[in-house]
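Residue numbers are given in my numbering: position 8 of the sequence shown equals residue 44, and the series is strictly consecutive.
These are calculated hints, taken from the structure and not from any lab test.
Owing to the predicted nature of the structure, the values given are computational and were not obtained by experimental measurement.
Hints may contain errors.
Across the chosen pairs, the derived CB separations fall in these ranges [unchecked claim]: (1) I198 <-> R111: 19 to 29 Å; (2) L132 <-> D163: 40 to 50 Å; (3) L179 <-> V115: 44 to 54 Å; (4) D183 <-> K215: 35 to 45 Å; (5) R80 <-> G161: 42 to 52 Å; (6) D51 <-> G78: 33 to 43 Å; (7) G78 <-> S159: 36 to 46 Å; (8) R96 <-> V157: 14 to 24 Å.
For every residue, glycine included, the Cβ atom is placed at its ideal position computed from N, Cα and C.
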Amino acid sequence: MAIRPRWRPGDPRPDIRSMVRVDQAGEYGATRIYAGQLAVLGSRHPAARVIARMQSQEERHLRHFDEMVVDRGVRPTLVQPFWNVAGHALGAATALLGPSAAMACTAAVETEIDKHYEDQVRSLGVDDPDLAGTIREFQAEELEHRDTAIAAGAEETFGYPILSGLIRAGCRAAIELSKRI
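Can you make the complete structure from the sequences, with help from the hints?
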(Lines of atoms letter the chains of each structure in order from A; the text may use other names.)
(Lines give C-alpha, C1' and ligand atoms only; values in the text may rest on other atoms or scores of the structure.)
Protein backbone atom coordinates (compact mmCIF):
# COMPACT_ATOMS: atom_id res chain seq x y z
CA MET A 37 0.00 0.00 0.00
CA ALA A 38 1.45 3.35 -1.08
CA ILE A 39 1.61 6.17 1.41
CA ARG A 40 0.47 9.51 0.07
CA PRO A 41 2.76 12.41 0.91
CA ARG A 42 1.12 15.13 2.96
CA TRP A 43 0.74 18.65 1.68
CA ARG A 44 3.51 20.96 2.91
CA PRO A 45 3.77 24.75 2.81
CA GLY A 46 5.10 25.77 -0.59
CA ASP A 47 3.57 22.76 -2.34
CA PRO A 48 1.21 23.67 -5.18
CA ARG A 49 -2.43 23.68 -4.21
CA PRO A 50 -4.17 20.52 -5.45
CA ASP A 51 -6.43 22.56 -7.72
CA ILE A 52 -3.39 24.12 -9.40
CA ARG A 53 -2.09 20.63 -10.15
CA SER A 54 -5.50 19.81 -11.57
CA MET A 55 -5.36 22.95 -13.72
CA VAL A 56 -1.99 22.02 -15.18
CA ARG A 57 -3.16 18.44 -15.74
CA VAL A 58 -6.36 19.40 -17.56
CA ASP A 59 -4.69 22.12 -19.61
CA GLN A 60 -1.96 19.75 -20.77
CA ALA A 61 -4.62 17.19 -21.70
CA GLY A 62 -6.67 19.81 -23.54
CA GLU A 63 -3.74 21.02 -25.61
CA TYR A 64 -2.91 17.41 -26.42
CA GLY A 65 -6.50 16.80 -27.51
CA ALA A 66 -6.42 19.91 -29.70
CA THR A 67 -3.30 18.69 -31.52
CA ARG A 68 -5.04 15.37 -32.14
CA ILE A 69 -8.20 17.06 -33.49
CA TYR A 70 -6.14 19.05 -35.98
CA ALA A 71 -4.14 15.94 -36.92
CA GLY A 72 -7.40 14.14 -37.69
CA GLN A 73 -8.66 17.04 -39.78
CA LEU A 74 -5.43 17.25 -41.77
CA ALA A 75 -5.39 13.47 -42.28
CA VAL A 76 -8.74 13.76 -44.07
CA LEU A 77 -8.34 17.11 -45.82
CA GLY A 78 -4.72 16.63 -46.82
CA SER A 79 -2.09 19.31 -47.19
CA ARG A 80 -3.41 20.70 -50.48
CA HIS A 81 -6.91 21.58 -49.34
CA PRO A 82 -7.46 25.36 -49.06
CA ALA A 83 -8.34 25.00 -45.35
CA ALA A 84 -5.18 22.99 -44.61
CA ARG A 85 -2.90 26.02 -44.25
CA VAL A 86 -5.18 27.61 -41.65
CA ILE A 87 -5.59 24.32 -39.77
CA ALA A 88 -1.84 23.66 -39.84
CA ARG A 89 -1.14 27.13 -38.40
CA MET A 90 -3.62 26.54 -35.56
CA GLN A 91 -2.13 23.08 -34.98
CA SER A 92 1.34 24.60 -34.74
CA GLN A 93 0.15 27.00 -32.03
CA GLU A 94 -1.51 24.13 -30.14
CA GLU A 95 1.73 22.14 -30.33
CA ARG A 96 3.58 25.10 -28.79
CA HIS A 97 0.96 25.27 -26.03
CA LEU A 98 1.33 21.53 -25.45
CA ARG A 99 5.13 21.75 -25.18
CA HIS A 100 4.74 24.50 -22.58
CA PHE A 101 2.27 22.48 -20.50
CA ASP A 102 4.40 19.34 -20.90
CA GLU A 103 7.25 21.31 -19.30
CA MET A 104 4.94 22.53 -16.53
CA VAL A 105 3.84 18.96 -15.82
CA VAL A 106 7.47 17.93 -15.31
CA ASP A 107 8.63 21.08 -13.50
CA ARG A 108 5.69 21.07 -11.09
CA GLY A 109 5.56 17.31 -10.55
CA VAL A 110 2.01 16.99 -11.87
CA ARG A 111 0.67 13.58 -12.82
CA PRO A 112 -0.69 13.68 -16.39
CA THR A 113 -4.24 12.50 -16.93
CA LEU A 114 -4.65 8.75 -17.12
CA VAL A 115 -7.19 9.11 -19.94
CA GLN A 116 -4.68 10.59 -22.39
CA PRO A 117 -4.68 7.42 -24.56
CA PHE A 118 -8.43 7.89 -24.95
CA TRP A 119 -7.98 11.58 -25.88
CA ASN A 120 -5.46 10.46 -28.49
CA VAL A 121 -8.07 8.38 -30.28
CA ALA A 122 -11.11 10.55 -29.50
CA GLY A 123 -9.41 13.77 -30.60
CA HIS A 124 -8.19 12.30 -33.87
CA ALA A 125 -11.59 10.71 -34.53
CA LEU A 126 -13.44 13.98 -33.84
CA GLY A 127 -11.13 15.87 -36.17
CA ALA A 128 -11.40 13.27 -38.92
CA ALA A 129 -15.18 12.95 -38.59
CA THR A 130 -15.79 16.68 -38.80
CA ALA A 131 -13.39 17.03 -41.74
CA LEU A 132 -15.25 14.21 -43.52
CA LEU A 133 -18.37 16.36 -43.23
CA GLY A 134 -16.50 19.15 -45.00
CA PRO A 135 -14.22 22.07 -44.24
CA SER A 136 -17.01 24.15 -42.69
CA ALA A 137 -17.75 21.31 -40.25
CA ALA A 138 -14.05 21.11 -39.39
CA MET A 139 -14.19 24.82 -38.64
CA ALA A 140 -17.41 24.32 -36.65
CA CYS A 141 -15.49 21.84 -34.51
CA THR A 142 -12.76 24.41 -33.87
CA ALA A 143 -15.29 27.14 -33.05
CA ALA A 144 -17.11 24.88 -30.58
CA VAL A 145 -13.97 23.63 -28.86
CA GLU A 146 -12.44 27.08 -28.57
CA THR A 147 -15.66 28.55 -27.18
CA GLU A 148 -15.53 26.06 -24.32
CA ILE A 149 -11.79 26.51 -23.82
CA ASP A 150 -12.24 30.27 -23.54
CA LYS A 151 -14.77 29.76 -20.74
CA HIS A 152 -12.56 27.14 -19.10
CA TYR A 153 -9.48 29.36 -19.17
CA GLU A 154 -11.45 32.36 -17.90
CA ASP A 155 -12.69 30.29 -14.93
CA GLN A 156 -9.13 29.18 -14.19
CA VAL A 157 -7.71 32.72 -14.25
CA ARG A 158 -10.52 33.89 -11.96
CA SER A 159 -9.87 30.98 -9.59
CA LEU A 160 -6.10 31.58 -9.53
CA GLY A 161 -6.36 35.22 -8.60
CA VAL A 162 -2.84 36.20 -7.54
CA ASP A 163 -1.84 32.73 -6.30
CA ASP A 164 0.15 31.71 -9.39
CA PRO A 165 0.99 34.61 -11.71
CA ASP A 166 3.14 32.39 -13.97
CA LEU A 167 0.29 29.98 -14.66
CA ALA A 168 -2.25 32.79 -14.96
CA GLY A 169 -0.03 34.59 -17.49
CA THR A 170 0.39 31.44 -19.54
CA ILE A 171 -3.34 30.80 -19.53
CA ARG A 172 -4.11 34.39 -20.57
CA GLU A 173 -1.60 34.21 -23.45
CA PHE A 174 -2.95 30.90 -24.70
CA GLN A 175 -6.56 32.01 -24.19
CA ALA A 176 -5.96 34.92 -26.59
CA GLU A 177 -4.68 32.50 -29.23
CA GLU A 178 -7.62 30.14 -28.69
CA LEU A 179 -9.98 33.08 -29.27
CA GLU A 180 -8.14 33.82 -32.51
CA HIS A 181 -8.74 30.20 -33.54
CA ARG A 182 -12.44 30.53 -32.77
CA ASP A 183 -12.73 33.79 -34.70
CA THR A 184 -10.79 32.33 -37.64
CA ALA A 185 -13.10 29.31 -37.71
CA ILE A 186 -16.22 31.48 -37.66
CA ALA A 187 -14.81 33.69 -40.43
CA ALA A 188 -14.12 30.52 -42.44
CA GLY A 189 -17.78 29.50 -42.35
CA ALA A 190 -18.16 27.42 -39.18
CA GLU A 191 -21.67 28.72 -38.51
CA GLU A 192 -22.76 27.90 -42.07
CA THR A 193 -22.38 24.17 -41.41
CA PHE A 194 -25.61 22.23 -41.79
CA GLY A 195 -26.92 21.54 -38.27
CA TYR A 196 -24.36 23.87 -36.71
CA PRO A 197 -26.27 24.44 -33.44
CA ILE A 198 -26.57 20.70 -32.86
CA LEU A 199 -23.02 19.86 -33.92
CA SER A 200 -21.62 22.73 -31.86
CA GLY A 201 -23.70 21.77 -28.83
CA LEU A 202 -22.56 18.15 -28.96
CA ILE A 203 -18.90 19.09 -29.32
CA ARG A 204 -19.13 21.66 -26.52
CA ALA A 205 -20.77 19.09 -24.21
CA GLY A 206 -18.00 16.64 -25.07
CA CYS A 207 -15.40 19.28 -24.22
CA ARG A 208 -16.99 19.95 -20.85
CA ALA A 209 -17.01 16.23 -20.08
CA ALA A 210 -13.37 15.88 -21.18
CA ILE A 211 -12.38 18.79 -18.95
CA GLU A 212 -14.07 17.28 -15.90
CA LEU A 213 -12.58 13.83 -16.51
CA SER A 214 -9.08 15.14 -17.11
CA LYS A 215 -9.15 17.21 -13.91
CA ARG A 216 -9.76 14.13 -11.81
CA ILE A 217 -8.40 11.05 -13.54
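Quick rundown of the hints versus the structure:
1. I198 <-> R111: 19 to 29 Å: violated (36 Å)
2. L132 <-> D163: 40 to 50 Å: Holds, at about 43 Å.
3. L179 <-> V115: 44 to 54 Å: The hint (44 to 54 Å, Cβ to Cβ) is violated, given that L179 and V115 are roughly 26 Å apart.
4. D183 <-> K215: 35 to 45 Å: violated (27 Å)
5. R80 <-> G161: 42 to 52 Å: Cβ of R80 to Cβ of G161: about 47 Å, so the range 42 to 52 Å holds.
6. D51 <-> G78: 33 to 43 Å: holds (42 Å)
7. G78 <-> S159: 36 to 46 Å: The hinted range 36 to 46 Å holds for G78 and S159, with Cβ atoms some 41 Å apart.
8. R96 <-> V157: 14 to 24 Å: Between R96 and V157, where Cβ atoms are some 19 Å apart, the hint holds.
In summary, the structure is inconsistent with hints 1, 3 and 4 from the numbered list given earlier, while agreeing with the others.
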